[in-house]
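Read top to bottom, the protein sequences are chains A and B.
Per my numbering, residue 1 is the first one in the first sequence, and the count goes up by one each step.
Per my numbering, residue 395 is the first one in the second sequence, and the count goes up by one each step.
If you're looking for bench data, these hints aren't it; they were derived computationally from the structure.
Idealized CB from N, CA, C, for every residue including glycine.
Among the clues, some could well be false.
If you want the footprint, here are the derived chain B segments under chain A, 3+ residues with CB under 8 Å [stated by the list, open to error]: (1) 536-550; (2) 563-573; (3) 757-764.
Partial selection, computed: residues in chain B whose CB lies under 8 Å from chain A [as the list claims (entries may be wrong)]: (4) 514; (5) 673; (6) 720.
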Amino acid sequence: MSTTLTPTLCRDCLTHINTDAQICATCGSTRLVHHAELDELDIAHVDCDAFYASVEKRDDPSLRDKPLIVGHPGGRGVVTTACYIARKFGPRSAMPMFKAMEMCPDAVVVKPNMAKYKEVSQQIRAIFLEATPVIEPVSMDEAYLDLSADTRGDGLTPAWHLARISRRIETDVGISVSIGLSYNRFLAKLASDMEKPRGYSIIPRVGVREFLAPLPVRKINGVGEATAKKMDADGIVTIGDLQALPEAQLVTRYGKFGNRLVQYAKGEGSRRITSSRASKSISAENTFRRDTSSFDVLCEAIEPMCETVANRMVRSKLAGGTVVVKLKTGDFQTLTRNRKLANPTQRADILYQSARQMIEKEANGRAFRLIGVGVADLCSATEADPPDLFGGLA
Amino acid sequence: MKLTIERATLLASLAHVQSVVERRNTIPILSNVLLEADAGLLKLTATDMDLSIVEATPGDISQSGATTTPAHTLYDIVRKLPDGAQVELALGTGDGRLALKAGRSEFVLPCLPREDFPTMADDDLPISFSVAAEALRRLIDKTRFAVSTEETRYYLNGIYLHAAESGGIAMLRAVATDGHRLALVDTPLPDGAANMPGVIVPRKAINELRKLIDETADDIVVSLSETKIRFEFDDAVMSSKLIDGTFPEYQRVIPEGNDKVMEVEAKTFAQAVDRVSTISTEKSRSVKLGLANGLATLIATSPDNGSATEELAVIYESDDMEIGFNSRYLLEMTAQIEGDMAQFVLSDAVSPTLVKDSSDEGVVYVLMPMRV
Chain A
1 MSTTLTPTLC RDCLTHINTD AQICATCGST RLVHHAELDE LDIAHVDCDA
51 FYASVEKRDD PSLRDKPLIV GHPGGRGVVT TACYIARKFG PRSAMPMFKA
101 MEMCPDAVVV KPNMAKYKEV SQQIRAIFLE ATPVIEPVSM DEAYLDLSAD
151 TRGDGLTPAW HLARISRRIE TDVGISVSIG LSYNRFLAKL ASDMEKPRGY
201 SIIPRVGVRE FLAPLPVRKI NGVGEATAKK MDADGIVTIG DLQALPEAQL
251 VTRYGKFGNR LVQYAKGEGS RRITSSRASK SISAENTFRR DTSSFDVLCE
301 AIEPMCETVA NRMVRSKLAG GTVVVKLKTG DFQTLTRNRK LANPTQRADI
351 LYQSARQMIE KEANGRAFRL IGVGVADLCS ATEADPPDLF GGLA
Chain B
395 MKLTIERATL LASLAHVQSV VERRNTIPIL SNVLLEADAG LLKLTATDMD
445 LSIVEATPGD ISQSGATTTP AHTLYDIVRK LPDGAQVELA LGTGDGRLAL
495 KAGRSEFVLP CLPREDFPTM ADDDLPISFS VAAEALRRLI DKTRFAVSTE
545 ETRYYLNGIY LHAAESGGIA MLRAVATDGH RLALVDTPLP DGAANMPGVI
595 VPRKAINELR KLIDETADDI VVSLSETKIR FEFDDAVMSS KLIDGTFPEY
645 QRVIPEGNDK VMEVEAKTFA QAVDRVSTIS TEKSRSVKLG LANGLATLIA
695 TSPDNGSATE ELAVIYESDD MEIGFNSRYL LEMTAQIEGD MAQFVLSDAV
745 SPTLVKDSSD EGVVYVLMPM RV
């Protein structure tokens with residue numbers, strides 16, 4: 001009989017303990033994730049469930065129980081996203097609209113509203129940023145997250161952060177995501193696709209070869225229709241078939257990609273998350289309950305944000321060379337103002353002073369619905385805040 | 395208004411005033427230069443509302459009058475005219491435009507009425523003294539590199555000019571600092587300056603003034619109040635608002651107890667710093683200075699660029715030590731040292747270092763070390 005209990009995370013109340021129970025002792029939920037390796041995995045892929053369709057359903061509850069297709073109606077239109085109800089009848093992304101309508105004649109068709117999706121995407125990005133600065137967005141609705149300890153240092157586990165992200169996106173944004181957690185990008189992405197929608201899947205190290213063996217090669221990122229056909233002709237259908245082949249043979253047949261196939265088949269792959277866009281800046285923002293034009297209220301609002309941004313810089317060992325203020329007016333105009341600092345900083349008070357001066361120039365009676373503060377032009381913390389004769393802001 | 399003026403004379407005066415005019419202006423008339431012709435003189439005025447320069451230059455005035463016209467455009471035209479050209483300026487009576495003729499070139503420029511041109515109030519400036527151009531140039535040159543550009547520390551965005559005392563002698567003192575280095579220069583206090591308030595002269599005014607007095611041999615009359623300063627020389631007057639802020643108590647950051655003295659040939663040192671810093675990272679620019687008996691070692695390392703080391707002979711007899719500096723600060727400071735030797739008076743790796751110029755006792759530099 002096993003004496004060690006398994007690390008277990010409740011996706012509803014975020015209780016994270018070692019137990020063998022199948023029901024959360026805290027909230028009674030059955031949505032538990034457990035695995036011996038749960039606390040060791042740190043590379044995640046987060047994918048929004050039927051993103052555009054979910055956003056449209058969120059904004060129009062009358063669509064909730066109907067099959068919904070987002071896309072341009074008419075002869076040449078294609079399906080951008082089909083909701084899960086519509087998918088039961090066959091429609092899929094990129095399918096010609098007329099074909100989708102043949103399969104699901106009752107579907108409601110909504111034209112995509114990219115500006116809105118972008119805004120939602122940014123909202124989600126901001127939630128990711130609360131967990132880690134190392135984010136690699138793949139598109140508006142999916143991203144890789146590096147949750148390894150050296151990106152955070154807050155003592156909480158990656159698994160917990162992901163459950164929290166998923167819960168926050170549901171409560172604050174109003175859509176659902178599926179989460180994949182593993183130890184490299186390829187497996188994280190594979191995991192997020194395993195249990196859609198509202199999934200939370202992990203692929204552990206132990207037994208990964210056996211896990212991968214029965215899966216079709218199409219599951220490998222980069223194996224599209226053409227490659228799959230070619231492989232099929234070579235007698236390779238599953239990842240297990242790949243595992244059985246000598247490396248040299250795959251490289252000769254498939255070139256450089258052959259190397260990757262070999263790696264993937266073994267469950268190896270890159271862990272590197274290049275936050276090419278996200279880590280260029282760190283920011284926090286907030287929407288006011290009621291629009292405000294008051295300089296004092298605006299300044300008061302940014303004070304905790306400066307602290308948040310400063311803390312996040314310290315955690316990720318980064319410093320900001322430019323302070324950025326973002327303001328959104330009552331009529332949804334977004335203004336951003338930047339100021340380059342003489343020296344990169346990690347200090348909240350320096351952020352605040354800079355931001356305050358920028359806000360002063362903008363607070364000319366206009367009402368604002370949102371304010372944000374951030375830093376860009378990031379560099380290593382060792383470059384930050386050189387010793388000062390007067391101790392900083394003298 | 396109608397006059398004829400030598401191209402070279404007009405160009406010199408325009409060059410002086412046009413640099414006050416900001417390239418981008420939300421108030422159109424601030425892009426203009428005010429031209430006033432009367433009694434054999436053409437007076438040119440430019441302002442950005444904080445700073446104004448007025449310069450008078452002789453011209454052949456056939457009809458007195460005044461107008462304003464875009465400063466940069468006028469300057470560019472005059473600059474491109476051939477050397478030795480005679481420039482005729484005439485304000486059209488009908489269309490209110492300014493016609494410029496020189497040789498076979500003709501230009502017509504839009505104008506705005508002179509009445510709309512903002513004049514800086516001619517405040518009462520109770521303190522007035524005269525200072526040699528040479529002394530003023532020295533005060534500016536040896537301090538302005540240390541002026542802060544950080545807008546959050548606006549009170550450091552200028553040179554602090556005040557009356558002080560050094561070795562029992564009354565001095566006119568200029569101090570500039572950005573919090574990482576400090577430069578202090580003394581010159582004997584001119585008559586009439588004893589009661590002057592400490593004033594912070596903004597960076598832009600300092601830079602414009604320095605250009606204007608580059609070739610002046612005469613004394614400069616300085617008049618000031620707590621809010622405004624005026625410099626008069628030759629045929630020009632420059633007035634500027636002062637920075638409304640409190641300059642920090644700089645005396646307390648000038649170290650007094652430092653006991654390790656290192657003397658080095660200033661130019662050799664600067665060249666070595668320059669070479670080694672090629673490797674420093676762009677943002678921190680740090681170099682490490684290692685000191686041992688008679689020998690200094692400059693070291694720069696960067697995770698991306700590799701490393702550099704250079705040794706040089708120095709006069710140093712204290713305990714071995716290592717200290718880091720921003721190479722840019724070292725270079726900008728040594729560039730102002732005129733004597734053969736620079737003297738570093740150090741304490742430890744984290745305390746401010748004092749630097750002196752062997753040829754000029756009235757100059758003190760303070761450098762805050764960096765973490766290395």
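Going down the list of hints, with the structure as the test:
1. 536-550: Coverage by chain A holds for the region 536-550 of chain B (6 residues, Cβ < 8 Å).
2. 563-573: Satisfied; 3 residues make the cut.
3. 757-764: Our answer is that it holds, as 4 residues pass the Cβ test (under 8 Å) against chain A, meeting three.
4. 514: Violated, because the Cβ-Cβ distance from residue 514 of chain B to chain A comes to roughly 23 Å (cut-off 8 Å).
5. 673: 15 Å, violated
6. 720: Nearest chain A Cβ about 7 Å off; hint holds.
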